[in-house]
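Respectively, the protein sequence lines represent chains A and B. Using the numbering used here, read the first sequence as starting at 44 and increasing by one per residue. Using the numbering used here, read the second sequence as starting at 44 and increasing by one per residue.
Keep in mind that a hint or two might mislead.
In this list, chains with the same sequence are indistinguishable; a pair is considered to hold if it fits within one copy or across any two.
In silico DMTMM-like pairs for lysine to aspartate or glutamate, Cα to Cα no more than 20 Å straight-line [what the hints assert, rightly or not]:
no., residue 1, residue 2
1, K369, E315
2, K496, D400
3, K419, D381
4, K511, D70
No lab work stands behind these hints, which were simulated from the structure alone. Note that the structure is a prediction, hence the values are computed from the model and not measured.
Listed here are the chains, written in short residue letters.
Number of protein chains: 2
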Amino acid sequence: MQKQLIIIGGVAAGTKAAAKARRESPDLKITLYTESRYISYSACGMPYYIENLIKDEKRLIVRTPEYFKEREDIDIHIKHKVTRILPEENKVEVENLETGEKFIDEYSKLLIATGSRAFVPDIEGVKLQNVFVLKDIDDAVEIKKNIKQSKKVVIVGGGYIGLELLESFKAHDTDLTMIDRSQQILNTFDLDISSHIQNYLIEEKNINIITNESMKRLIGDSKSFIKQVETSRGKIINADMVILALGVRPNIELAKEAGIEIGETGAIKVNERMQTNFPDVFAAGDCVETINIVTDKSVWIPLGSTANKMGRIAAINITGGYEEFKGITGSMVVKIFDYTASKTGLSEKEAKELGYDYVIAILMHRDKSGYMPDAKEITIKMIAEKSSGRILGAQVIGKGDADKRVNVVAAALTANMTVKEFMGIDLTYAPPYSPSIDPILIAAQMLYSKLKKEVGSITPEELQKHLKQREKAAIIDIRTPSEFKAWHIENSQNVLFEDLEEKIGQANRETILCCEGGMESYLLTLQLMEKGYQNIRFVDGGMNFYKNL
Amino acid sequence: MQKQLIIIGGVAAGTKAAAKARRESPDLKITLYTESRYISYSACGMPYYIENLIKDEKRLIVRTPEYFKEREDIDIHIKHKVTRILPEENKVEVENLETGEKFIDEYSKLLIATGSRAFVPDIEGVKLQNVFVLKDIDDAVEIKKNIKQSKKVVIVGGGYIGLELLESFKAHDTDLTMIDRSQQILNTFDLDISSHIQNYLIEEKNINIITNESMKRLIGDSKSFIKQVETSRGKIINADMVILALGVRPNIELAKEAGIEIGETGAIKVNERMQTNFPDVFAAGDCVETINIVTDKSVWIPLGSTANKMGRIAAINITGGYEEFKGITGSMVVKIFDYTASKTGLSEKEAKELGYDYVIAILMHRDKSGYMPDAKEITIKMIAEKSSGRILGAQVIGKGDADKRVNVVAAALTANMTVKEFMGIDLTYAPPYSPSIDPILIAAQMLYSKLKKEVGSITPEELQKHLKQREKAAIIDIRTPSEFKAWHIENSQNVLFEDLEEKIGQANRETILCCEGGMESYLLTLQLMEKGYQNIRFVDGGMNFYKNL
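Excised from the complex, chain A in its bound form (with noise of 0.2 Å):
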């Protein structure tokens, strides 16, 4: 019998390694079913289709069932749902979706690709008209259909997809709510990242952010279509369409049942091969777990751009060859209206749980030459393991250019690099795109301070508790005369470099320095520590980070 692949999924990872497969197997019969009548699309372009920067969702398919059975001798079956895997047997269990029929089919290697689905709540009214989730095309269509008629959208959920879709709504001059029911939006940030994005989000975008609530209920009107939500705390908030971004959930059903081990992260477990318990199945995306090779411990972080090196890597290794995925890093990228927030490797708070031993620095500057007229800031959190010096992670976020720096930290995770080695990287440098030093190299030497105990600081969030205190530090702002004027710490006091030494000599008590954006005092206190002066930190991040906590 002619051997057969037969893969369960049609988006990223399942067309991907069909493509893939045939490529390294002209021979093999490749059979691709999916309950879908869509394959091979971008869900990730969804948002700004939704935004009508792009005006057919044709756009976002990226290859057709006729595409891949022309051009690549592949069968693609859409609306075939497999009910049962037989692992034991090289069996799958296939229910044509249209006309009920039911057919066993035989495989010499399997391929679960089937991805990720949409959390929904068990409340009530998550069934009424325009409640929607974004998970699959139709879902784009249909909110797209209904936009024009929808004047106070509510968006559950404050993470990548629902931080999306606010620029995607906001497009069609509609009134903005987001709940999430963490004390954040961007969950997978540090809080005092996070809450720069929530300021700006409510300040110059003017939607409404609610945290540390949940959805309660949804209410609908006579004619089933929602109206308004309740929150957990009572609120009601009127509404003419939700969206449910509650996160997605790993297709796992089907695997279980047919007895394939399933990882502590409550998604498919594989080697390195993408190879599940049993030697003949594989799996591959959003239905997988994977390594985090920071922490060497199972994670699932569903991404799109994961589940395509998956893909390749199942194909690989299905048709006879050999190659291993290492895992990630956990790199993530969203673009939230003009500002941009990246990440790879851990936040301070993941750092934390784990039980690392770390130092942070956090600096605000322009991701550009200063004088450049287009010069824009960014803020970077980067952390490092103390023992060790190696980096744990970066997060940058800001108006400026902070999308592809943190690629280069991703580089650094991959080789294990200590702070020390990250600094000797040699950075591109032209004024109309970084500073002579580039801002995370500078990150990476304030860590490098730190590491060598030459100077200490103190978190903004160290120093808000601090204030509450009785016994307060002097704190020192160094900053000019008018930005202090417009807007400073409590009982912070101005003072000129000149009379800088005296007054940390007065002070008789622990000084706490604070600039801009953490660079100036972060100097300054390495150079009054040179000097003799132990008792002595400056603020991280500076003022500019302090105030949007």
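With chain A held as given, fit chain B onto it using these hints.
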């Protein structure tokens, strides 16, 4: 006697070292001598000052002598020329250029940061009015002052500064000619890459570019103003301003005279701590050579970013600390109107000259997801060593986001990564920032296939040569009929996918496949070779790349 650090030179390395030395050592006496009347300015910002993006030249000055005195207790003597170094006696001889007074000063440590100067050839007419170099702020001020009266400007030299100045002058609506004696502008890049930029400048920016010719002499009018440039082949070009952008030379004469060792590149030789052959004499910045960590060979690549880092490390070692400058990877970026050109590591021609056995990959690809309306083309050329599989370098150019992708490669070079390791880097993805697999990772995948000998290719330059031979391969163009009609290689045939195998079967000779940007034909070649077709290659970079040669 109080210990004194004397620094010669006040731009990037000198002032950086002064500030860092002060932070490390509060009691050290620090004195800086410079011939210039400016210190601590951004030379790299001067093109944008001339363009008038920056109105006032003072914006380019980072720190003034007064600042250094008041804030850092550093004595800066402008218009003071160090005329002699006496390293055996730890003394320097200084001349006050305003009074003519000469005096001796004594150092415990000396830092030579004399930088570089613009090269001016010894030919007729270089002293004419309105013939400029661009090396310091006085030059920039003079050029900007005279620009309004200048209608025709000739830039001699197609390096970074010359190319940046095109934009500066075009903003003043001048008619521009660029002359380069070599076969290409942007000579540190490969010709097949720089030719794209050359075509862009000619076709879209209306720049007159003359390569393979040098400047023979400059011809003045009766008032000794520049009137014409005569080239080596006798072309006469009218000009009312000429910029000599012929590169720079290290200022080493002072050091050399004092017996300080000069390296094989002609710049000052230092160890990893920035120390010369005299233990108390350090050197940093444009006047020293360093190591290219890719080749482990000495190189002299003067750049502001490198000077800054060297200054910092010199200061740490001067003040009793220990830190090493490990070298560079030759990373650079230049903005040429709306075109970006960036590079790190080796170009193909450098790899060839150094005798490496290498493979290359060329890819033209959108910088973002193809469906995003603002997606733009970038071109990547990446090079790896055949035997070890390690990455040797990358060049990225284009109107799209081409400035930061090489930084990931720079990190990989620092970590000595192989192509395979590089492919595992978890880069960020969202449609507004990149395709789901970043083009730099696709280029790495292509390199990997070539390293594994899964595919063969022909570079556009090899194809040009091939087309001149009598025995030609069958050239099969798989683009759409309309693309083919618009432009194609002579004697190539446009073949639809369904007829491809038949055509290859009939060919009875080598087949060369070509597509738009190099990716599709690469994938097809991979597939066809798996099917057993052997005598088949694809064109690196595709037809979009080829037609720009």
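TODO: Output the numbers, in ascending order, of every earlier hint that fails for this structure.
DONE: Hint 4 contradicted; others consistent.
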